Amino acid sequence: MARLLKFNIFRYNPQNPESVPHMDEFVLEETDSMTLFIALNRIREEKDSSLQFDFCCRAGICGSCGMVINGRPGLACHTKTKDLPSEITLLPLPVFQLVGDLSVDTGSWFREMYNKVESWIHTNKEFDPAAEEERMENEVAEAIYELDRCVECGCCVSACGTARLRDDFLGAVSLNRVARFVIDPRDERTDKEYYEIIGNDEGIFGCMGLLACEDVCPKHLPLQEQLAFLRRKMGITAIKNLFSRKSCK
Amino acid sequence: MQTFYTDVLVIGAGLAGERAAIEAGQAGFSTICLSLVPARRSHSSAAQGGMQAALGNSAMGEGDCPDVHFEDTVKGSDWGCDQEVARLFADAAPIEMRRLAHWGVPWNRVVPGRSKYFKGGKEFEKVEKDENRGLITARAFGGTAKWRTCYVSDGTGHSVLFTVDNRCAQLGVEVHDKTEAIALIHDGDTCYGAVVRCLKTGELRVYLAKATMIATGGFGRIYPNTTNAVVCDGGGHVAALNTGVVPMGNMEAVQFHPTGIVPTDILVTEGCRGDGGTLLDVNEERFMHIYEPEKAELASRDVVSRWMTHHIREGKGVKSPYGDHLWLDIRHLGEKHITGKLREVYEICTGFLGINPIYQLIPVRPTQHYSMGGVRTNKDGAAYGLKGLFSAGEAACWDMHGFNRLGGNSLAETVVAGGIVGRKIVEYVRGAEVSFNSVVIDDAVARERSRINGLISGTHGRENVYKVRAAMQDSLNRGANIFRNDADLTACVQELQEVLHRARRVGLASDGLGANPELSAALKIEGQVKMALMVAYGALQRTESRGSHNREDYTARNDRDWLKRTLAYWRSEGDELPTLEYEPATTVFEIPPGYRGYGKMDIIPMDGQEAGAADQSGAKTGQADQDDTDPAEAKGDE
Amino acid sequence: MTVETSILAGRPSKWDGILDVCQMLSGIGLILFMWAHMILVASVLFGPGVMNAIAEFFESTGMAQVGGPLIFLLFLFHFLLAARKLPFRFEGMKIIFSHAKMMRHRDTWLWVVQAVSAMIILIMGSIHMWVVLTDLPITAAKSAARIQGGFWTGFYLLLLPMVELHVGVGLYRIGVKWGLVKTDGRAGLHRGERILTLIFICIGLATLIRFWFINTLA
Ligand SMILES: Cc1cc2nc3c(=O)[nH]c(=O)nc-3n(C[C@H](O)[C@H](O)[C@H](O)COP(=O)(O)OP(=O)(O)OC[C@H]3O[C@@H](n4cnc5c(N)ncnc54)[C@H](O)[C@@H]3O)c2cc1C
Ligand code: HEM
Ligand code: HEM
Ligand code: SF4
Ligand code: F3S
Ligand code: FES
Numbered sequence: 396m397a398r399l400l401k402f403n404i405f406r407y408n409p410q411n412p413e414s415v416p417h418m419d420e421f422v423l424e425e426t427d428s429m430t431l432f433i434a435l436n437r438i439r440e441e442k443d444s445s446l447q448f449d450f451c452c453r454a455g456i457c458g459s460c461g462m463v464i465n466g467r468p469g470l471a472c473h474t475k476t477k478d479l480p481s482e483i484t485l486l487p488l489p490v491f492q493l494v495g496d497l498s499v500d501t502g503s504w505f506r507e508m509y510n511k512v513e514s515w516i517h518t519n520k521e522f523d524p525a526a527e528e529e530r531m532e533n534e535v536a537e538a539i540y541e542l543d544r545c546v547e548c549g550c551c552v553s554a555c556g557t558a559r560l561r562d563d564f565l566g567a568v569s570l571n572r573v574a575r576f577v578i579d580p581r582d583e584r585t586d587k588e589y590y591e592i593i594g595n596d597e598g599i600f601g602c603m604g605l606l607a608c609e610d611v612c613p614k615h616l617p618l619q620e621q622l623a624f625l626r627r628k629m630g631i632t633a634i635k636n637l638f639s640r641k642s643c644k
Numbered sequence: 016m017q018t019f020y021t022d023v024l025v026i027g028a029g030l031a032g033e034r035a036a037i038e039a040g041q042a043g044f045s046t047i048c049l050s051l052v053p054a055r056r057s058h059s060s061a062a063q064g065g066m067q068a069a070l071g072n073s074a075m076g077e078g079d080c081p082d083v084h085f086e087d088t089v090k091g092s093d094w095g096c097d098q099e100v101a102r103l104f105a106d107a108a109p110i111e112m113r114r115l116a117h118w119g120v121p122w123n124r125v126v127p128g129r130s131k132y133f134k135g136g137k138e139f140e141k142v143e144k145d146e147n148r149g150l151i152t153a154r155a156f157g158g159t160a161k162w163r164t165c166y167v168s169d170g171t172g173h174s175v176l177f178t179v180d181n182r183c184a185q186l187g188v189e190v191h192d193k194t195e196a197i198a199l200i201h202d203g204d205t206c207y208g209a210v211v212r213c214l215k216t217g218e219l220r221v222y223l224a225k226a227t228m229i230a231t232g233g234f235g236r237i238y239p240n241t242t243n244a245v246v247c248d249g250g251g252h253v254a255a256l257n258t259g260v261v262p263m264g265n266m267e268a269v270q271f272h273p274t275g276i277v278p279t280d281i282l283v284t285e286g287c288r289g290d291g292g293t294l295l296d297v298n299e300e301r302f303m304h305i306y307e308p309e310k311a312e313l314a315s316r317d318v319v320s321r322w323m324t325h326h327i328r329e330g331k332g333v334k335s336p337y338g339d340h341l342w343l344d345i346r347h348l349g350e351k352h353i354t355g356k357l358r359e360v361y362e363i364c365t366g367f368l369g370i371n372p373i374y375q376l377i378p379v380r381p382t383q384h385y386s387m388g389g390v391r392t393n394k395d396g397a398a399y400g401l402k403g404l405f406s407a408g409e410a411a412c413w414d415m416h417g418f419n420r421l422g423g424n425s426l427a428e429t430v431v432a433g434g435i436v437g438r439k440i441v442e443y444v445r446g447a448e449v450s451f452n453s454v455v456i457d458d459a460v461a462r463e464r465s466r467i468n469g470l471i472s473g474t475h476g477r478e479n480v481y482k483v484r485a486a487m488q489d490s491l492n493r494g495a496n497i498f499r500n501d502a503d504l505t506a507c508v509q510e511l512q513e514v515l516h517r518a519r520r521v522g523l524a525s526d527g528l529g530a531n532p533e534l535s536a537a538l539k540i541e542g543q544v545k546m547a548l549m550v551a552y553g554a555l556q557r558t559e560s561r562g563s564h565n566r567e568d569y570t571a572r573n574d575r576d577w578l579k580r581t582l583a584y585w586r587s588e589g590d591e592l593p594t595l596e597y598e599p600a601t602t603v604f605e606i607p608p609g610y611r612g613y614g615k616m617d618i619i620p621m622d623g624q625e626a627g628a629a630d631q632s633g634a635k636t637g638q639a640d641q642d643d644t645d646p647a648e649a650k651g652d653e
Numbered sequence: 005m006t007v008e009t010s011i012l013a014g015r016p017s018k019w020d021g022i023l024d025v026c027q028m029l030s031g032i033g034l035i036l037f038m039w040a041h042m043i044l045v046a047s048v049l050f051g052p053g054v055m056n057a058i059a060e061f062f063e064s065t066g067m068a069q070v071g072g073p074l075i076f077l078l079f080l081f082h083f084l085l086a087a088r089k090l091p092f093r094f095e096g097m098k099i100i101f102s103h104a105k106m107m108r109h110r111d112t113w114l115w116v117v118q119a120v121s122a123m124i125i126l127i128m129g130s131i132h133m134w135v136v137l138t139d140l141p142i143t144a145a146k147s148a149a150r151i152q153g154g155f156w157t158g159f160y161l162l163l164l165p166m167v168e169l170h171v172g173v174g175l176y177r178i179g180v181k182w183g184l185v186k187t188d189g190r191a192g193l194h195r196g197e198r199i200l201t202l203i204f205i206c207i208g209l210a211t212l213i214r215f216w217f218i219n220t221l222a
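As you go down the protein sequences, you meet chains A, B and C in turn. So the first sequence is residues 396 to 644, counted in our numbering. So the second sequence is residues 16 to 653, counted in our numbering. So the third sequence is residues 5 to 222, counted in our numbering.
It should be emphasised that the hints constitute simulated quantities derived from the structure, not laboratory data. Not one of these hints is a red herring.
No more than 35 Å apart at the CA atoms, straight line, and that leaves these computed lysine-lysine pairs for DSBU-like:
| # | chain 1 | residue 1 | chain 2 | residue 2 |
| --- | --- | --- | --- | --- |
| 1 | C | LYS98 | A | LYS614 |
| 2 | C | LYS186 | A | LYS477 |
| 3 | A | LYS511 | C | LYS18 |
| 4 | A | LYS442 | C | LYS105 |
| 5 | B | LYS356 | B | LYS131 |
| 6 | C | LYS186 | A | LYS587 |
| 7 | C | LYS18 | A | LYS635 |
| 8 | B | LYS356 | B | LYS141 |
| 9 | C | LYS18 | A | LYS587 |
| 10 | A | LYS511 | C | LYS105 |
| 11 | B | LYS482 | A | LYS442 |
| 12 | A | LYS628 | C | LYS18 |
| 13 | A | LYS442 | B | LYS331 |
| 14 | C | LYS186 | B | LYS131 |
| 15 | B | LYS356 | A | LYS477 |
Cβ-to-Cβ under 10 Å is the rule here; a few derived chain A residues that face chain C:
| # | residue |
| --- | --- |
| 16 | PRO468 |
| 17 | ALA554 |
| 18 | ARG561 |
| 19 | ASN595 |
| 20 | ILE599 |
| 21 | CYS602 |
| 22 | LEU618 |
| 23 | PHE624 |
Distance windows between CB atoms, simulated:
| # | chain 1 | residue 1 | chain 2 | residue 2 | range |
| --- | --- | --- | --- | --- | --- |
| 24 | B | GLN41 | A | SER503 | 18 to 26 Å |
| 25 | C | ILE124 | A | GLY466 | 22 to 30 Å |
| 26 | A | LYS401 | C | VAL120 | 32 to 40 Å |
| 27 | B | PHE133 | A | GLU529 | 24 to 32 Å |
All figures in this text were calculated on a predicted structure; none of them were measured in a lab. A virtual CB, placed ideally from N, CA and C, is assigned to each residue, including glycine.
Construct the complete structure from the given sequences, taking the supplied hints into account.
Spelled out as structure tokens, the structure:
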């Protein structure tokens, strides 16, 4: 009764001089509540123990398991085979450096991103252990968290045509990160300072509004709204800059 | 081969590791964190519930203070914790939460006014004060006298980890992700760093440091069913125990949870039962009322787990390709309730199981959840046995959890301990004169290299690593689970010893080139089996019940003989069993052992203590009701 | 990966924001023009006299003589701005095509449609403008003569849908890029854009048909 699932999986081990990129086929019998996490582990344990892929939380929380599933970037651990046709094609996420098979190096990409957008609170205030915390409205906190929910899976970057065309494009995830700090009252950066970071074609003005980012984001972040918010804000800043002589560096 | 020199090497970039790294970074020391996965994917990110700190800002937390938190923690630990450490923790936790707020954590805040809350499926009302508007708020969690769990919506661990990692990036703390520490470099006296395998290329590297810290999280993956991430495989513990001189504390203290979903063991809240959910067996019949006529499904966590396990063993489990399980039935609660109050459960079921709990049954089974035991350290976080080696977080047995950790206390521990231990590391590095002995380093590298070559070429055999691992997990699952007894534990130890022999004969089926995953598994399997033996053997020797350690044949908590901590050593590589030593659970008693206020009351008092101390609890007789949470008020089971 | 990013290379990034705003404004300008243009040309549906009258109005006020070239400049300006985003190397085109194919994602395909239609418009639009503007004044009869010649029918039958597609997608894109709609408004905007495109193509076709039945000797 159970379906036979045919997996076409991208294979390439850059560390093996004899390895060439190719697709391997594996067949598994489908079981109840099977996810790609279960399927891939079974393939590794039963059929080919060298198969590389990344999982960590297997609960859709950590963002480790981004891969291209039948053409679309998504999280493998919360993809149920039941929702897929019996032929399943798995590719590693593009844009990121390939480690092997389905595993890519998102870590280096994101570390660079943190430094580019200075992904931390900029403040001159010192922490005082004896003082009460600074107050914040709960709605503000929730709005920040809404953007903080990103799990850095990289799906939005891999799905973005702009990012694939130009590797210096920051991608929706980084821009969303900036938006997170823009709305955080603790961050003292001004619009002009943000403009220095994202007010260019590597940043917000590089985005062509393809919206694949929004459509694949497994956490359903409001990326389109955030990108638009930044575009308006930075657009206005650009015009202001133009008219205020002082700002011309 | 690449060699990295750094002042501080932190193995593990979860909350504990990064929090400590920040202290080192702030003090101006070069710091490198290693991690199997990019830092933010560490398991800390999976903790959704929250972290405890006695800020006392919310209405239901009014009057809370570190003293009350301390008391809850000690009681939770079933007096197994080090009270000095628990005190350090409770006092520092509020400051640490505020510090996190300063760094950018979007804590939920107090909203003044009336609001409703649920307890045991019933609705109550509370009023938040206007003067507390905008302060960090708290929610309820199991086992606590007050609401003191600070939270960020449903992503506390995630948000805090992102913030802490941001801070690391700001300070220039390096994180080398996709790296795996496979051995410590030491001379039996001092630790000099680690031999590390790069998980991008498979190459070996050497990291030399004045101070090394193990913050590798829990080791749930030595069990077959666990809520832990797949990277929580005890790799850091293996490196430590392989030194032969660093002991593991209280390895038998393992926490379980009654309702993990099958197959992937993601946790669903006990609140399901609190709200009227029932458990069904293979015939889709209820069974809890047979065992617990009064409370049925509403009996406490451990009691329910016990009968679930029992019922499955009676052959009443539902067979599945993933092992036997039972059903959780919440269909009768109705769509509104399920998609409203139990939304999380609904989302997990539809998202990961493809099951709609409004119409379908949810497959569940008891599952491993938290490791109280780990690398034994003193209150400064310095590991026993080696100078220059530290540990914190779930990996460590710093020992504020004793035999049962409270929900929300572990995440708080990571940052509090990370901060405290981080500062101690800074002190240590300031005073440290370290010269690296190249013979020691070369030896360590040569040993790992030959181990790798041996595995690839099958020098010792061709046992399949995945099969050996499954055998270990299965054995531990049967013998050292929620309920333990002499016969099962004895059998388990014997089986594990056989598995140990097999583990020593593992060889690869694949070529082992590059970041080969089979090689990663093979490199640590022997160490994992040794850990499993520490758990099982420690549990066998401990002839009492305390916290999560439930002996069916010794149901009393025995403060006379067992108010002590197990220290398990693997003295020599070829040993067949760990060497166990014991030390007093605590040297300071702020609160003498007594009744926890809930659960079991069967206590053998320690010498010089009146038997009556335990008797006050007499009102509540009955079951080995060891639990920190009643499902009726459960929320804080994470 | 090599990338052809810009023909305006070397500019300080301070200008990127201005350029993006200009791109949007030039797009809107062109859309407004195309609508005005539509009124002029489609007015023939009400009779050649109406069209002639409108054309005459434009010419007598000098708007055709001055406005025409200005539109041509706007057209070029828009092209230059948009070209920053277009892959001119084969490599880039291959990437974006295979990407769109892999993803089977509507908005990504729409961009491809926009880019391809843009190149066609660039060439055909230029020719068209040259032909019309060097042969002033505009009269319904002249236009009809051109169209009845046959070649121009085919020409417009290609240019017309290209322009309308480009305009439709362009409008949609401005909406989402600048946040005139939010996530939940996207589907609606899509529908609106498709209906608009269809209506305009229909009017255009009707106009072309009408031109066929105008007596060029009148
Ligand atoms: C499902 C779930 C929910 C939970 N919810 C809560 C909650 O609500 N509240 C609460 O207080 N607690 C909760 N906990 C417990 C809590 O999350 C953990 O105890 C805590 O996050 C552990 O943090 P850590 O920093 O010690 O380790 P981790 O965050 O697990 O980090 C370990 C790090 O070590 C690295 N590492 C491991 N091995 C190696 C190696 N060999 N070499 C190099 N690096 C290595 C990993 O890559 C990782 O970076 C929950 C646990 C689970 C499983
Ligand atoms: C009558 C003619 C034209 C009209 C009405 C028009 C209109 C528009 C509009 C409204 C946009 C959206 C602007 C934005 O996203 O900011 C746009 C985008 C674009 N146009 Fe045009 N355009 C015309 C001609 C051209 C020509 C000749 C080209 C040249 C090659 C061109 C290339 C592009 C490209 C590539 C984009 C996409 C830019 C991006 O996604 O960022 N267009 N156009
Ligand atoms: C100032 C510039 C322009 C003038 C004066 C102008 C004028 C005209 C005229 C007179 C016609 C009728 C047919 C003919 O005479 O051949 C026409 C048709 C057309 N023009 Fe233009 N045009 C201009 C610019 C453009 C541009 C920039 C485009 C698009 C890129 C364009 C697209 C079309 C199309 C598609 C038709 C066919 C109309 C239809 O079928 O309804 N024109 N134009
Ligand atoms: S924004 Fe969404 S798709 Fe992009 S990295 Fe974050 S979670 Fe993934
Ligand atoms: S897909 Fe790319 S182009 Fe912009 S809208 Fe998303 S970042
Ligand atoms: S494994 Fe963590 S999101 Fe899939």
